[in-house]
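Now for the letters of each chain:
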Amino acid sequence: MADADRSQETNGVGAVEAKPDAGPALPRNASSWATKVDRLQVEQREGVRGTNVSGRRLTSPIQGFGRMWQKTYTTNLGEAATPKEVIATWKAHFPEFWPKGNRFAGALAGISPGDVALLDLSMGGVKLSTGVFVLYADEESFTLMTPEGHMFAGWISFSAESGAAGTIAQAQVLMRANDPLYEIGLTFGGHRKEDLFWSQTLTALAQRFGVSSPLIETKSVCVDRRRQWSKAGNTWHNAMIRSLLQTATRPFRGGRRRS
Amino acid sequence: MNAPVVTMDVRRGPNGTAIVDIKGEVTSACESVLMTAYESAGGADAKRVVLNFTALDYMNSGGIGMLVTLLVRANRQHQRLAAFGLSDHYRQIFELTRLDEAIAIYPDEQAALAGAAG
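If you read the protein sequences in the order shown, they are chains Y and B.
Okay, so the first sequence: first residue is 1 according to the numbering used here, each after it adds one.
Okay, so the second sequence: first residue is 260 according to the numbering used here, each after it adds one.
Derived from the structure by calculation, the hints contain no laboratory data.
Hints are not guaranteed to be accurate.
Now the in silico label distances, taken between C-beta atoms and shown as ranges [what the hints assert, rightly or not]:
| hint | chain 1 | residue 1 | chain 2 | residue 2 | range |
| --- | --- | --- | --- | --- | --- |
| 1 | B | A314 | Y | G189 | 45 to 51 angstroms |
| 2 | Y | R225 | B | D268 | 30 to 36 angstroms |
| 3 | Y | T187 | B | R335 | 18 to 24 angstroms |
| 4 | Y | E139 | B | N274 | 43 to 49 angstroms |
| 5 | Y | P99 | B | G374 | 45 to 51 angstroms |
| 6 | Y | S230 | B | D268 | 33 to 39 angstroms |
All values derive from a computational prediction rather than experimental measurement.
We put the beta carbon where it would ideally sit given N, CA and C, even for glycine.
I would like the entire structure built from these sequences, with the hints used as guidance.
Laid out in structure tokens, this is it:
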């Protein structure tokens, strides 16, 4: 086929690579990104309360309040699986790797760009209802971004790559506590609990691939020590407070669910 | 970690502005390249840093995260960070991730230099 006859061609990963005469070209990973949304919309799902998500905006670390942290959790899976196999399994069975007591209700298709998952998290005896948005997903990584009211503003990237000693699976969090109350919580035990959460997740993932006693490495870097006091008003959306109120007032609302 | 597939060349603009021409793929693998370019741009001495994305081939979520850490460094030095040359696709990604609230986006270099000087 002559070039003049081809205005477009696929690049093998679903994205369309446009020729110069067909307008601006899309990058090869265009279909891996979610399309732009201003506010999240999500339907109710079985097994989770499903509150504190609909109508919320996404929050990057820029919109958060507390110190900015980059936390990296890695484990070596050896030759048990290729990076693509690891990510395919992680995406397809994501909730199964979470520690007990926490619920993740995603879309039926698993993890795809633009999906919104509803979460019920166990936080010191309290059920915190919030969600996450699938910002990016390809064959070797996927990234979840948090909405207003979540404990932290930022994203979590899950990836796998080949290392000298085998396949390395990684979860990396770039975040600030969303408001002053969460910052206090993170400072007094929250970081430790989060480290434990992702260590347990990676352990479960490794065990799925037959690694019985995986070594989990954790690296925490404080990227920015400053707190953004202009974001203290984020407390209005605090999903912990709202979840407590929703639990307390549920008997008076006849069990109806609201966001 | 995979080797970066990117080059970042630094040019001097007017009024203490440094322009970083990014060519290739922006992922977390190119953090050292970006930070070296930032230092070449004058580090704390540059008043403004403008990122030229005209020759950007590809960026993933790791690349977005890396830009956030660059933003933190720039803010620490009271520098302004701007960008131009983003395709419609990546402009939408900047809006989706709300990076556009901290990194001013311009359509071309002339507008970026004028905006950065303003």
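Of the hints given before, which are not true for this structure?
-> none
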